[in-house]
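Engineer: Required output: the full structure, derived from the provided sequences and hints.
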Amino acid sequence: MTPDTRTVALRDGGLTFELLSAGRGAPLVYFHSFHERGGWSPFLDRLAARHKVYAPFHPGVAGSTGVDALEDLFDLTLAYDELLEAVGLESAHLLGHFFGAMVAAELGAVFPRRARRLVLVSPLGLWRDDAPSTDIVVLPHDDLMRVLWTDPQSPTARQWAMLPENDAENVAAQIESVQRRSAMARFVWPIPDKGICKRLHRIVAPTLVVWGDTDRVNPLSYAEEWQRRIKGAALSVLPGGHMLIHEAPDVVASAVEGFLK
Amino acid sequence: MKICFFHLMPYRFLPEDFEARYRSVWVDVPHSLFDPEKTSGLYHEYLDELQYAEQVGFDGLCVNEHHNNAYGLMPSPNLMAATLTRRTSRAAVVVLGNSLAAYNPPLRVAEEFAMLDLLSRGRLVAGFPVGTSMDTNFAYGINPATLRERYYEAHDLVIQAWTRPEMFSFNGKYTQIRYANIWPQPLQKPHPPVWIPGGGSVETWEWTAKMDYVYCYLSYFGYKRGKATMDGFWDVVGRMGVEDNPNRAGFLQLVCVADTDAEAERLYAEHVHYFYQKCLHVWEGFAEAPGYRTLKTMQAGIRPQVGAEARRIRQSLDWGKYLDAGYVIAGGPETVRQQLTECVQSLRVGHLMVLLQIGSMPKDLTLHNTALFAKEVMPHIRELWPGYKDRWWPSGATRDA
Numbered sequence: 000m001t002p003d004t005r006t007v008a009l010r011d012g013g014l015t016f017e018l019l020s021a022g023r024g025a026p027l028v029y030f031h032s033f034h035e036r037g038g039w040s041p042f043l044d045r046l047a048a049r050h051k052v053y054a055p056f057h058p059g060v061a062g063s064t065g066v067d068a069l070e071d072l073f074d075l076t077l078a079y080d081e082l083l084e085a086v087g088l089e090s091a092h093l094l095g096h097f098f099g100a101m102v103a104a105e106l107g108a109v110f111p112r113r114a115r116r117l118v119l120v121s122p123l124g125l126w127r128d129d130a131p132s133t134d135i136v137v138l139p140h141d142d143l144m145r146v147l148w149t150d151p152q153s154p155t156a157r158q159w160a161m162l163p164e165n166d167a168e169n170v171a172a173q174i175e176s177v178q179r180r181s182a183m184a185r186f187v188w189p190i191p192d193k194g195i196c197k198r199l200h201r202i203v204a205p206t207l208v209v210w211g212d213t214d215r216v217n218p219l220s221y222a223e224e225w226q227r228r229i230k231g232a233a234l235s236v237l238p239g240g241h242m243l244i245h246e247a248p249d250v251v252a253s254a255v256e257g258f259l260k
Numbered sequence: 000m001k002i003c004f005f006h007l008m009p010y011r012f013l014p015e016d017f018e019a020r021y022r023s024v025w026v027d028v029p030h031s032l033f034d035p036e037k038t039s040g041l042y043h044e045y046l047d048e049l050q051y052a053e054q055v056g057f058d059g060l061c062v063n064e065h066h067n068n069a070y071g072l073m074p075s076p077n078l079m080a081a082t083l084t085r086r087t088s089r090a091a092v093v094v095l096g097n098s099l100a101a102y103n104p105p106l107r108v109a110e111e112f113a114m115l116d117l118l119s120r121g122r123l124v125a126g127f128p129v130g131t132s133m134d135t136n137f138a139y140g141i142n143p144a145t146l147r148e149r150y151y152e153a154h155d156l157v158i159q160a161w162t163r164p165e166m167f168s169f170n171g172k173y174t175q176i177r178y179a180n181i182w183p184q185p186l187q188k189p190h191p192p193v194w195i196p197g198g199g200s201v202e203t204w205e206w207t208a209k210m211d212y213v214y215c216y217l218s219y220f221g222y223k224r225g226k227a228t229m230d231g232f233w234d235v236v237g238r239m240g241v242e243d244n245p246n247r248a249g250f251l252q253l254v255c256v257a258d259t260d261a262e263a264e265r266l267y268a269e270h271v272h273y274f275y276q277k278c279l280h281v282w283e284g285f286a287e288a289p290g291y292r293t294l295k296t297m298q299a300g301i302r303p304q305v306g307a308e309a310r311r312i313r314q315s316l317d318w319g320k321y322l323d324a325g326y327v328i329a330g331g332p333e334t335v336r337q338q339l340t341e342c343v344q345s346l347r348v349g350h351l352m353v354l355l356q357i358g359s360m361p362k363d364l365t366l367h368n369t370a371l372f373a374k375e376v377m378p379h380i381r382e383l384w385p386g387y388k389d390r391w392w393p394s395g396a397t398r399d400a
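Which chain is which? The protein sequence lines are A and B, in order.
Sequential numbering from 0 applies to the first sequence in numbering that gives the first Met the number 0.
Sequential numbering from 0 applies to the second sequence in numbering that gives the first Met the number 0.
Keep in mind that the hints are not guaranteed to be accurate.
To be verified - Here are the simulated DSSO-like cross-link-like pairs (lysine-lysine), alpha carbons at most 27 angstroms apart as the crow flies:
| no. | chain 1 | residue 1 | chain 2 | residue 2 |
| --- | --- | --- | --- | --- |
| 1 | B | Lys374 | B | Lys295 |
| 2 | B | Lys188 | A | Lys193 |
| 3 | B | Lys172 | A | Lys197 |
| 4 | B | Lys226 | B | Lys172 |
| 5 | B | Lys295 | B | Lys172 |
| 6 | B | Lys226 | B | Lys209 |
I should point out that these hints are in silico values taken from the structure, not numbers from a laboratory.
Structural biologist: Okay, here's the thing in structure tokens:
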């Protein structure tokens, strides 16, 4: 399905969000991560069958601007709170992947009433010295393929890795990739622990933590950590890697739907 | 023009198979390769080489800052500069420099540079690099997204600390100082000359010209490849209507002098090879943190010096190619004189820095190279750019009578 696109301007235009949306039903906001291009995916298609899905581009990515005004994760959390207000979403289900899941969790902790239900897929934000998450914002292409995907040769992975052959488009795609990663890395550099563990007790929304059992970016040992720190959180470990939502969109979508019902 | 002796202080004892076995010389180079006994001796050899350079007539001695790095053993160039102030008396002490954003608070740089200026009796050149991504973002954990803003703010604080007549308050975004009031103050007035080592970013050219500082391109890839960058700088200078005095520019060139061209290859080839194959062996993932380069610079298409692309070029190199590409100017005196003159003139550089200790080069050979350079080459290029005033040279530095 082709989502609607609109621009939401905040702070007299100092901050703008390019917002994709599709579907009907209870509102669900999706927050993307470092390595998702385009903003929409088959996974969101599935969710849009039963929900009105909103997928904002992170500031500094695609048509969303104003990231320079956001100095830290708290500034970013405020920005997303303002976005929800502007769109008229007093509350919504909040769902995110890795960096995006960190944003969803921050929103759920800082503004507990914004989150109806919270779904965190392989969230970033905690740190264990014995199992550091992989530094995927700097990883060269071949190494990246090996950690992101269960099977780097799968059609989905290969399609993801494809760059335009046309020179100008190829350069533009590379610049887009650097910009996307730098717009997010600024909130988590050099170590993604920005104190979220001090705030997680504030979350009141029922929470589902989802993990791929062979996630090579964010070790499974973090799953228990998240579950332990968010009161009453459920954990669903599914077969797949870090890009679980793209490797198995049907499976993850039905797990999510089951939780949101 | 001024000719400076530049030292990187490389670790000379990396294993033969280093680049095959380890992924990077920088950031995560393993401790197991580090020999403290040998390094203790190295520091003294390298300081001897710098002192010798003054004795044979170099105008300035350059030290610089690197972290987690096996080709640059100077996390604190200020310590090296401090010892040099006690063992030298004439040459400029060129610290290229302190990566401002890495100092907390950056007033520390204002203080230490003031001390160095006093110790050297006004011979200090104050270098302010942004710092490489490896040094700042990876080794020191500074956020690439805010590195440049931090740098500019720190610069403002340092200059104010040197020039404001009274104590002041500094309410910065990254540094807040209620009582900014450094003691001691520098000897040179209004402050030591400022040189900006840059890797070729558009913003740095503009800012350096606007601030009336010296722009230095510290390239390891020689004058032929450096031309595009220096041309970029001079274009900006021209566009801004600033006087195109060659002393606004500095450039680093690797040089090997021998009695003949053939002798140069025999003496220096293995050390030059060590430098390009081992010292510049940087893992692609560390070459540049996302956000280190500005969008404007990315769009201008300037590539980083290290990383995958540079590695592909490097691995195919041999002595002939190092020379053809101009990475190294090497040969008998006449060859070096000729090419170095071309380098200085084509880049329009008034402050030439030469790297004469290269890679694994031992002390006796470095001194040989330095002596030959001073005797056979230096006199022939010293008088280039007559008639241009050098307003960017420390007032306490002098040339041998």
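Engineer: Each of the hints needs a verdict: does it hold here or not?
Structural biologist: Results for each hint:
A C-alpha spacing of about 44 angstroms is found between B/Lys374 and B/Lys295, which places the hinted pair above 27 angstroms, so the restraint is violated. The suggested pairing of B/Lys188 with A/Lys193 is violated, with an alpha-carbon distance near 44 angstroms, which exceeds 27 angstroms. For the hint pairing B/Lys172 with A/Lys197, the CA-to-CA distance comes to about 25 angstroms; that is within 27 angstroms, so the pair holds. A hinted pair counts as satisfied when its Cα atoms are at most 27 angstroms apart, and B/Lys226 with B/Lys172 does not qualify at roughly 37 angstroms.
A threshold of 27 angstroms between alpha carbons decides the hint, and for B/Lys295 with B/Lys172 the separation of about 23 angstroms falls inside it, so the pair holds. A distance of roughly 21 angstroms separates the Cα atoms of B/Lys226 and B/Lys209; the hinted pair therefore holds under the 27 angstroms criterion.
Violated hints, in rising order: 1, 2, 4; the structure is consistent with all others.
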